[in-house]
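Peer 1: Given only the sequences and the hints, what does the whole structure look like? Please build it.
There are 2 protein chains.
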Amino acid sequence: MKLNNLTYGIVGLGIMGGSFAKAIRQNILSQNGSTGKIYACNRSTACLSSAMAEGVTDKVFTSDSVSQMLPDCDVVFICLYPHATLDFLKEHKNEFKSGAIVTDISGVKGIFEKQLPAILREDVDFIIGHPMAGGEKEGYANSKASFFVEHNYILCPIESNREENLQTMRDLITAMGFTRITETTCDIHDYKIGFTSQLCHVIACSLVNSAENEEITAFGGGSFEDLTRIAMINAPLWAELFVSNKEKLSEHINQFRACLDAFDNAIKESDTEMLEALLSLSREKRLRMGAIRTSVKSKDNSSSSIEKNSSF
Amino acid sequence: MKLNNLTYGIVGLGIMGGSFAKAIRQNILSQNGSTGKIYACNRSTACLSSAMAEGVTDKVFTSDSVSQMLPDCDVVFICLYPHATLDFLKEHKNEFKSGAIVTDISGVKGIFEKQLPAILREDVDFIIGHPMAGGEKEGYANSKASFFVEHNYILCPIESNREENLQTMRDLITAMGFTRITETTCDIHDYKIGFTSQLCHVIACSLVNSAENEEITAFGGGSFEDLTRIAMINAPLWAELFVSNKEKLSEHINQFRACLDAFDNAIKESDTEMLEALLSLSREKRLRMGAIRTSVKSKDNSSSSIEKNSSF
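Quick note, the sequences are listed as chains F and Y, same order. The first sequence maps to residues 454 to 765 in the working numbering. The second sequence maps to residues 454 to 765 in the working numbering.
By construction, these hints were calculated from the structure, which means they are not laboratory data. Heads up, a few of these hints could be off.
Same chains, same label: a pair holds when it works inside one copy or across any pair of copies.
[Claimed, not checked] Cut-off 35 angstroms, straight-line C-alpha distance, at most; resulting in silico cross-link-like pairs (DSBU-like, lysine-lysine):
| no. | residue 1 | residue 2 |
| --- | --- | --- |
| 1 | K738 | K701 |
| 2 | K699 | K738 |
| 3 | K699 | K455 |
| 4 | K567 | K701 |
| 5 | K590 | K543 |
| 6 | K738 | K721 |
Keep in mind it's a predicted model, so treat the numbers as computed, not measured.
Peer 2: Right under this line is the structure:
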């Protein structure tokens, strides 16, 4: 499949869906001889009007008319919340084009692996994905073609995926500007993301909630600000992510609480020696972790690299 | 007292002591007609040679010769760890110039309020202070005159302080480039700093220590990186700070743990409604806290402002 001759369907035109559309328009469909199209559907229509006015989309649909969009799409990005994505797949199962690639952006993957077999048609290839891009800002107005540069895209291939479709997906991800692709299992994805993303959000929000009043940071609070920037959170989305990954997330919270308790006990007992040991461990470990992340980044400087990750 | 005619003594020429010396040299002693001097002492001598070579100091001393420095100094900055500062005051009590202002930079203040009456001479005015500037980088090599711009200096006046000396200290702080001065009690200082600084460091280090291995952030970890940058910590200094403020810090840890447990319970029980409520609280509260901090900053844009803070 030539990427610039495909018809792309975006379901949900927020910051992610909008950035997909803009990156495809700018990086893929601007090539000479492109016959590809971008269709988008969204519940509310303001973003659809903007996307048409900006020339980002060729045709737009609402929730009521999405059934007319799906049969034409070679690749469909479902950019909805996790359970809404599964509901959409169930409801529109019979409307996808035969041979289509369908993919999602959800931050939890285990529920997909479990539920997909009962939902999917054999002639529609669902590729489980998680573009690791986001931020405090939401909505189509904040989307941009360059959003994905320097970001990682995680794919969780399942047995039913056809290799040629996975390759199309990889080519597409690279063309959209992602600088790294990681391929792993749903289980490993949920374990690692449960730590690096979900646990961090739980901690940041707990810290904000524990502030006795809003003036407590008035003396200056650079550390507090850095630790809690991600607490300006989309509550319904993250509540769903936390519950969908609750076993793994609870395990991480337990481990974190044990480490917190070790500090608390040493502080209460004025055990300076123990505290120095715990703090030295943090310092050395964090320095090594920073070095690992830097080496991953610099390796991927010029073009996207694909790495398989099969270890916890 | 005219700031540009005073003799300044810096005890401990690290990033803080070095930045004091450079800011005084550049902002105060470069004025026409200045007769002031900067003396510095340090245990190791490499930084002393640099400071002399760079023209930052007029004369330098080691631990052995500091007794010759102190009798000449009108203002002494003791830039050592908290207990080392108290020990220095005890050991050199009789060497300070009569009428001198002596001040510290320690991140805990309660131990000073408690111990100072037994240590101080009546004719030496100790002003308890905490310049809110710092970072991962340490040592004289990382010091700079502009280090304090956009930063807050906390003063904790005690009964014995003379108003004229407090005013000299405020003038000096402003002249060194600090953009805000907060005056409060030692008790309030330790409570608020225990939250915004110490608790944040405990959390960041606990999070790093709870990482199962150093590759767990390999998928991408912007949130983890933001939350743990401060875990690259000076272990002996922070162990001392934690223990010196253990009652207040433990109280903050307990409150934080309760908020963490609220999330954990809601997650385990798949209580989406409760999670949305907790997350919405975090979001709204953090947005308001950001607005407070921004308004404090913008108020202080052009010159330093002094504010009294007497509430917890």
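Peer 1: Sort out which numbered hints this structure fails and list those numbers smallest first.
Peer 2: Violated hint (a single one): 3; every other hint is consistent with the structure.
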